[in-house]
Every structure is written in C-alpha cells, then in structure tokens.
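J.: Heads up, the sequence shown is in this note's numbering, so the first residue is 328 and it goes up one at a time.
Just so you know, the hints here were simulated from the structure itself, not pulled from any lab data. Note that CB positions come from ideal geometry on N, CA and C, so glycine has one too. Among the hints, erroneous ones may be present.
[Unchecked claim] Label-pair ranges, simulated between beta-carbon atoms:
| id | residue 1 | residue 2 | range |
| --- | --- | --- | --- |
| 1 | A383 | Y457 | 13 to 23 Å |
| 2 | G489 | R372 | 34 to 44 Å |
| 3 | V470 | R372 | 43 to 53 Å |
| 4 | L476 | S380 | 26 to 36 Å |
| 5 | D351 | R490 | 15 to 25 Å |
| 6 | R490 | L374 | 34 to 44 Å |
| 7 | P424 | D361 | 34 to 44 Å |
| 8 | Y388 | P471 | 34 to 44 Å |
| 9 | G389 | Y457 | 32 to 42 Å |
| 10 | P399 | G489 | 36 to 46 Å |
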Amino acid sequence: MGRWYVYYEDWQMECCGTPFSVGDEVSWPLLLMDADDVLAGDWERELSRLVGSVEAVRDEYGGVLRTLRTGPPAGPGLTAALNADAVDESGAEPAEPIRRVGLLTVERHGGEWPETTGRVRAIHLVHQEYAVLAPGSLTREPVPGTRSLEAVTSCPKWFGEGRSGVLVELDVPGAAPPEPRDRS
C-alpha cells in the first residue's frame with residue numbers, strides 16, 4: 328500500500344464533488360500535473376513519483392486519454408491521466424514502464440476517466456494568498472511562498488476567501504511508493 332498526496336481544488340469540489348472525511352474510502356479520477364502550474368509551485372514534499380505502464384483509454388467523446396498505471400495489471404493500483412504533452416516514451420516499448428513526477432490532482436471535468444480508489448488518512452485545508460496582477464485588473468494570481476496547511480477531519484463542500492482546496496493523504500492498495508533511491 329502506498330500513501331500519496333492528492334490536491335483537490337476548491338472549484339472541483341464545489342462543482343462536482345462529494346465531501347469526505349478521514350477514514351472514508353474514495354474513488355477519484357486523477358491527473359498528474361506539473362507542480363509548477365498549481366498555486367505558484369513549491370510542492371516538493373507533496374510530489375508523486377510514478378513508475379508504471381502507459382495505457383490509452385478512450386473517453387466519452389471518442390478521444391484518447393493516456394494514463395499511467397502503477398500496480399499489477401489486473402489488481403488495485405493508482406491510475407493518473409497524463410497531460411497530452413507530458414508523455415515522451417523516448418522509444419520505450421509499450422510494456423516498458425516509464426517514470427513521471429508531478430502533483431496528483433482530482434479532475435472531475437474532461438470526460439470519463441479511470442478512477443483510483445483509496446482510503447483518506449489525512450486532510451489539510453489549503454490556504455493561499457492571492458494578489459491582483461495589474462492595477463484595475465480583476466485577475467488575481469497566487470503569491471509564491473504564502474500557502475499554508477490546516478489539518479481538518481472533513482473536506483468542506485464550499486470554500487471561502489483564501490481557501491483553495493484540500494491536500495489529501497490517500498492510502499492506495501497495490502500502489503507502493505517508489506524505492507527510496509527514486510525520491511529526489
């Protein structure tokens with residue numbers, strides 16, 4: 328069993344999510360994101376290092392989604408969708424495992440994706456400061472270095488000002504974390 332960090336954005340929960348608590352079993356479609364693209368980066372401790380096989384999955388619109396699956400082919404494990412430009416197999420054979428590093432996020436939009444099932448072991452409310460980009464603009468961006476975590480026992484359905492989502496520690500059967508030498 329592996330313990331993984333998963334970021335669940337506020338708008339994903341508010342739109343289409345179901346609140347959960349520590350100890351609950353959950354099933355979510357996951358996306359492996361470039362950590363620098365999520366809330367101004369700085370997620371080093373929460374990065375996931377995945378090693379597994381790439382599978383092509385047809386979505387409900389007829390498109391092909393590439394997923395990375397850890398664990399045995401017929402058993403439990405962790406499955407995460409990959410960004411279209413994130414896969415370069417560099418000549419790897421289809422059955423050959425590839426390695427990817429990023430931040431796991433819950434993705435409730437963009438078609439039907441395979442889900443990963445696990446047990447929630449911890450929930451941290453993510454607080455993030457934002458700043459206006461330019462005078463008179465309504466657009467705000469996350470301020471680097473201002474994120475903080477608050478331990479909670481349940482995920483809220485609605486998030487207030489300065490709360491951007493939750494960071495979940497998820498135990499996933501059959502998805503062992505990488506070897507210590509793989510951690511960087």
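J.: It remains to establish, for every hint, whether it holds in the given structure.
T.: Going down the list of hints, with the structure as the test:
1. A383 / Y457: 13 to 23 Å: 37 Å, violated
2. G489 / R372: 34 to 44 Å: The hinted range 34 to 44 Å is violated for G489 and R372, with Cβ atoms some 21 Å apart.
3. V470 / R372: 43 to 53 Å: 19 Å, violated
4. L476 / S380: 26 to 36 Å: 33 Å, holds
5. D351 / R490: 15 to 25 Å: Once the Cβ atoms are compared, 20 Å apart, the range 15 to 25 Å for R490 and D351 holds.
6. R490 / L374: 34 to 44 Å: 22 Å, violated
7. P424 / D361: 34 to 44 Å: Given about 20 Å between the Cβ atoms, the range is violated.
8. Y388 / P471: 34 to 44 Å: 36 Å Cβ-Cβ, so the 34 to 44 Å window holds.
9. G389 / Y457: 32 to 42 Å: 38 Å, holds
10. P399 / G489: 36 to 46 Å: 42 Å, holds
Figure legend: structure checked against the earlier numbered hints; hints not met, in rising order: 1, 2, 3, 6 and 7.
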